[in-house]
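Student: Construct the complete structure from the given sequences, taking the supplied hints into account.
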Amino acid sequence: MEIIVEGLPEKESQGYVVLINDIMREFEIRRSIEKVYFYGDTEKFVFITSIRIKKVLEPLRIEDVAIYNQEKETLSVEDEFYVPKILSLLWSIKKEGIEQEDRTEIKIPLEVFNQIKGEVVYYPTEDLKKNVQEAINRVLPEAARIKYILSAEKTITVASSENALSEESKKLAQKFHERD
Amino acid sequence: MFKMALFEGGLHRADELEDLVDDLGGFLIQKNVTQIDITLIIAVPGEDYELVVKKAKELRGKIVEVPLAGSEITIVAPSLGKHHLPHPVCDISEYIRRNGAVTNVMGLARGVGQRINQITATEKGMIEEADVAVYSLGNFSRCLLKKTHLFMDIDIPVVVLGGPEQFNVQGLDYYVGGIGRRSQRLRQKFDLDIFDKMVGEISKAVEKSRREVEEDPLILEPIYLKKILEENVEGIDKIISPIPIVLNVDGVKVKMPLNQFKEKIKNIEFDGRKIEEYCNIYQSPYSGITILKIYTKSYFDSINK
Chain V
192 MEIIVEGLPE
202 KESQGYVVLI
212 NDIMREFEIR
222 RSIEKVYFYG
232 DTEKFVFITS
242 IRIKKVLEPL
252 RIEDVAIYNQ
262 EKETLSVEDE
272 FYVPKILSLL
282 WSIKKEGIEQ
292 EDRTEIKIPL
302 EVFNQIKGEV
312 VYYPTEDLKK
322 NVQEAINRVL
332 PEAARIKYIL
342 SAEKTITVAS
352 SENALSEESK
362 KLAQKFHERD
Chain S
208 MFKMALFEGG
218 LHRADELEDL
228 VDDLGGFLIQ
238 KNVTQIDITL
248 IIAVPGEDYE
258 LVVKKAKELR
268 GKIVEVPLAG
278 SEITIVAPSL
288 GKHHLPHPVC
298 DISEYIRRNG
308 AVTNVMGLAR
318 GVGQRINQIT
328 ATEKGMIEEA
338 DVAVYSLGNF
348 SRCLLKKTHL
358 FMDIDIPVVV
368 LGGPEQFNVQ
378 GLDYYVGGIG
388 RRSQRLRQKF
398 DLDIFDKMVG
408 EISKAVEKSR
418 REVEEDPLIL
428 EPIYLKKILE
438 ENVEGIDKII
448 SPIPIVLNVD
458 GVKVKMPLNQ
468 FKEKIKNIEF
478 DGRKIEEYCN
488 IYQSPYSGIT
498 ILKIYTKSYF
508 DSINK
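Respectively, the protein sequence lines represent chains V and S.
Going by the numbering used here, the final residue of the first sequence carries number 371, and the count climbs one at a time with no gaps.
Going by the numbering used here, the final residue of the second sequence carries number 512, and the count climbs one at a time with no gaps.
In case anyone wonders, no lab produced these hints; they're calculated from the structure.
Note that the Cβ used here is the ideal one computed from N, Cα and C, for glycine as well.
Accuracy of the hints is not assured; some may be wrong.
[Stated by the list, open to error] Some, not all, of what chain V presents toward chain S, calculated at C-beta under 10 Å:
| hint | residue |
| --- | --- |
| 1 | 210 |
| 2 | 211 |
| 3 | 216 |
| 4 | 236 |
| 5 | 320 |
[Said to hold, decoys possible] Below, in silico cross-link-like pairs of lysine-lysine (BS3-like), each with a Cα-Cα straight-line distance of 25 Å or less:
| hint | chain 1 | residue 1 | chain 2 | residue 2 |
| --- | --- | --- | --- | --- |
| 6 | V | 286 | V | 308 |
| 7 | S | 500 | S | 462 |
| 8 | S | 353 | V | 235 |
| 9 | V | 246 | V | 320 |
| 10 | V | 361 | V | 320 |
| 11 | S | 462 | S | 434 |
| 12 | S | 404 | V | 202 |
| 13 | S | 353 | V | 338 |
| 14 | S | 210 | S | 353 |
| 15 | S | 264 | S | 238 |
| 16 | V | 366 | V | 320 |
| 17 | V | 320 | S | 289 |
| 18 | V | 366 | V | 345 |
| 19 | V | 338 | S | 289 |
| 20 | V | 345 | V | 362 |
| 21 | S | 331 | S | 415 |
| 22 | V | 235 | S | 289 |
| 23 | V | 285 | V | 298 |
| 24 | S | 210 | S | 289 |
| 25 | V | 321 | S | 289 |
| 26 | S | 353 | S | 396 |
| 27 | S | 396 | V | 202 |
| 28 | S | 210 | S | 500 |
| 29 | S | 210 | S | 473 |
| 30 | V | 202 | S | 289 |
| 31 | S | 353 | V | 202 |
| 32 | S | 500 | S | 238 |
| 33 | V | 308 | V | 263 |
| 34 | S | 210 | S | 264 |
| 35 | S | 289 | V | 226 |
| 36 | V | 345 | V | 246 |
Tutor: Put into structure tokens, the structure is as follows:
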């Protein structure tokens, strides 16, 4: 993960590099991030943070996270994390004949499984983006509550200030958003 | 002259140390028991300090001198948000406590930002109830300059902590750089070095308060008043707070409402006078606890004439 801080004196930049590093570690997203840009203008009190995500992960479908046993009519989920998501999806379709036998075992009739096996249960990138957004809010000064958010497939940029954001600041945010 | 020390060790036979302190004419300032461990903050006459060190060694405990014992310090953060807590404010608070002081953590309602930051009269009043205020501010020197009004009107000594190495403002005597906004626990060697520097500055600030008191001495030492209250006021041992009586440089605080407390000290006398004759007793308008500010010698003489 590369951290680039601009617009601040050298000492303050170094402090912010440490701070950004610590925040990314706290949110456990360091390995998923390619680059972080931070721009600070303490005179106008405008701060911009732009984060590039390394890789966009494919959404996970039921057949990606669980194995169906046709004889027993049981779905074995690999990770407990996906069980509530699968159950909520199943119960939205049908309740009869669907039973959680064990922490990771769900009894489902074959016709129901065929109906739902292609359904998406988890969007890893959406989750990551939520964390990235949270991390950006933590990086930006607390007083900078007026925000201008730009979001693309692999990039999230937030410009913020305690005052109304000028067109100039918004353009600068756009520049950071489009930077490599 | 008393020496203040912190003892950390096992609960087993720790009462022997308490007895020794009592026999030497010293005082037990604070006692915290955590399962089988005990932490004691004691004050012993300087010439007998070695005896206490010897006893602590015999009990296989650790004893260190603590410069801030007997003082109450308020750590002020711009807000109680995730940006300031638990790091660095709680780390600062912990380190100060390890040096013997009683700490309060306080977040201002609107202490953030350059243009929008402000402090209310209530907040100022709450801060001024302690002996020293420690302000934990951010990384930007320009922001620090815009926040000077948060601490310039405070009537007690103020220590400011911030990111920039240097911060020179007229009227600010104590500043420690290198502790700005942090998001991880401050436990590295360089963090602890900065904390030591911070404790040095806070000690100077406490010393300044003590010197001011010495210019017109108090008629009774706060530590004696604490002992009198502990021995005579019924119900102090039943207060749930971990520190029922807090020592200040010029008095004590008892964590009991004033009406209850006044009723209980009605008949207590010390040296032929009632407790009320030694100090101004009032209720804190903010926390509801009782504050006892000991009269100075000159004031005491003037009211007795």
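Student: Tell me, which hint numbers fail for this structure?
Tutor: 5, 14, 24, 26 and 29
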